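J.: Work out the full structure: start from the sequences and follow the hints.
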Amino acid sequence: MLRKKIAAIIEGALDQCRAEGTIPHDLHISPFIEIPREEGNGDYSSNIAFSLAPKLRKSPQEIAGILIRTMTLGGICEKIEPAGKGFINFYIKDRTWQDDLRLVCDQGISVLYPDAGMGKKVLIEFVSSNPTGPLHIGHGRGAAVGDVLAHILNRTGYHVVREYYVNDAGRQIETLGESTYLRWKELQGEKIDEYPKHLYQGEYVRDIAALLAEKGIKIPETEGESVKVMSVFASDEVMKGIVADLEAFGVHFDNYFRETSLFDRNAVNETLEFLKKKDYAYEKDEALWFRTSLFEKDEDRVLVKSDGEKTYFASDIAYHRDKFYRGFDILIDLWGSDHHGYIPRMKASIEALGKDKDALKVLLIQFVTLLKDGKPVGMSTRSGEFTTLREVMDEVGRDAARFFFLMRKCDAHLEFDLDLAKKTSNENPVYYVQYAHARIESIFRVAGENGFDMESVKNADVSLLSVKEEISLIKGILQFYAVLDGSARSFEPHRITFYLLELVGKFHSYYNKTRVLVDDAGITSARLLLLRILQEVIRDGLQILGVSAPDKM
RNA sequence: GCGCCCAUAGCUCAAUUGGAUAGAGUGUUGGACUUCGAAUCCAAAGGUUGCAGGUUCGAUUCCUGCUGGGCGCACCA
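Be aware that the first sequence starts at 975, since it is given in this note's numbering, and climbs by one per residue.
What the hints contain is simulated information worked out from the structure, not anything from laboratory work.
Mixed in with the good hints there might be a few duds.
Once the Cα atoms are required to be at most 25 angstroms apart in a straight line, the calculated BS3-like pairs of lysine-lysine come out as [stated by the list, open to error]: (1) 1396 <-> 1526; (2) 1487 <-> 1432; (3) 1321 <-> 1094; (4) 1284 <-> 1252; (5) 1397 <-> 1480; (6) 1349 <-> 1271; (7) 1258 <-> 1271; (8) 1252 <-> 1271.
Distance ranges between label pairs, derived from CB positions [as the list claims (entries may be wrong)]: (9) 1383 <-> 1089: 37 to 47 angstroms; (10) 1396 <-> 1145: 35 to 45 angstroms; (11) 999 <-> 1338: 45 to 55 angstroms; (12) 1003 <-> 1273: 43 to 53 angstroms; (13) 1416 <-> 979: 44 to 54 angstroms.
Fair warning: this is a prediction, and the values are worked out from it, not measured in the lab.
We put the CB at the ideal spot given by N, CA and C, even for glycine.
T.: In structure tokens, the structure reads:
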């Protein structure tokens, strides 16, 4: 918001210089404006003089001096100063900040939501774990990241749909059926010499087999038929568990898209026909291949195996084609980082469908290392020694789990310290944020008890907020706009987490230094107004993260 | 062997996408509750940003080559 006004001040000076002939008429450079790291360097800063220097053959300092002389304060700046080797620093008036706070108070927090999406439709597909076993902690990370990203995009002008792709066709489901069949036979009293290693080892398979008997499901005569029945039954049961876990984790999907539905509608065959017609697919060694190499630096990949079975890649193309059919402008896929080798062929297939490959944005979720007593806990779905999302939630709670998942860039390794997440102490960062929210609420309680009319606070005189820390807090509140904007444009949900920690740090510091409820009713009122909006931003930020904002703790 | 990601304070991580003196938390040391919640705050200490070059006014960020770690390279999912 202010950034645009700063840009206008610079543009004004450039125009002036062009008119005076200090700068050639045909020279146009769009100024880059940033917020300096150090507060001493002003509220905004521009490096425009550096960009102009080689073209004007003058030193950056000299150019900065000329520009500043021709600049106006634009009604928002206290002063504009040259600094360093050619930076131009803008110092904003307290009054400007106060006016903006007034604006947020009058118009609501949504004025801090930037319109980055401009109404574009986004499909965000995440988790999409095969229904062959419960969600483990890695899926939990993907669930948290996807959910939070959806919240962010929802606030920044996108239409978002959350979707879970259910791989309910294929070999793995069959393996689950086989596993269930064997466990079922065990329960029938049959001796199984050795339970094969390639089958699912988890305890949940036994539970499902038991449920089968409990529900009186009719089992066919032959093994082949039985496995088919059990594949469907078992994967449905597992899926129910997954949905329940996700809901408990606070993640709700708009749509569960079944892979089998693509086959039911003949969508996979249609897609393959399309590719063949375009000559993007060819037959070799009795298999059907996709010409990945035509679009990307990658090898050609098999769509239909020589035994006639279709690969996952084939249905994946059909699935993404379907997404475009449904009118989405941007497709976001969250994958485990071990699938990164899959990106080129997927991008290639998008191009083959005649779409822009940049319409597909793949976010890779790096693995989570779970630490217990400072030592890593191993996990693998097959072996059954995984740690489930449910277990982690039960142990550390939903708030801590979600917060921890969002403290890292999603493509960076995450060390999840169970002991730390479990601590209800100051070492746990999630409490740091929640505590601020509760603390502000507590101030409101006391103010109310002292007979302060909280309704009248809305009309407080914001110009009474003149303490350095108060101006800093206002800046922090207004920064929400830029953080949301950057977070949405870069698809980086973790920025919200860092922002909240920083914002809340400013508050705690202010709280310890300055009393809010003082004798002067005007000042008290103004401070309560500031905290009211601050609390609203904290609450909204926590809501984005899917973390609760308690009034007491 | 080829490709992708990572390497920053003792530990876990940031650094506004190329900006100014590289910042937090944690741990260590010392301090602050008769007043709105001490799950908090203040201060000190902690660095050749893995190594070596290159690009330029300026590099943790971009390029090249090493070293070390993770992950991929199926007619698997």
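J.: Taking the hints in turn, state whether each one holds.
T.: Hint by hint, here is what the structure shows:
no.: 1; hint: 1396 <-> 1526; result: 19 angstroms, holds
no.: 2; hint: 1487 <-> 1432; result: 24 angstroms, holds
no.: 3; hint: 1321 <-> 1094; result: 20 angstroms, holds
no.: 4; hint: 1284 <-> 1252; result: 19 angstroms, holds
no.: 5; hint: 1397 <-> 1480; result: 23 angstroms, holds
no.: 6; hint: 1349 <-> 1271; result: 40 angstroms, violated
no.: 7; hint: 1258 <-> 1271; result: 20 angstroms, holds
no.: 8; hint: 1252 <-> 1271; result: 20 angstroms, holds
no.: 9; hint: 1383 <-> 1089: 37 to 47 angstroms; result: 25 angstroms, violated
no.: 10; hint: 1396 <-> 1145: 35 to 45 angstroms; result: 39 angstroms, holds
no.: 11; hint: 999 <-> 1338: 45 to 55 angstroms; result: 48 angstroms, holds
no.: 12; hint: 1003 <-> 1273: 43 to 53 angstroms; result: 44 angstroms, holds
no.: 13; hint: 1416 <-> 979: 44 to 54 angstroms; result: 37 angstroms, violated
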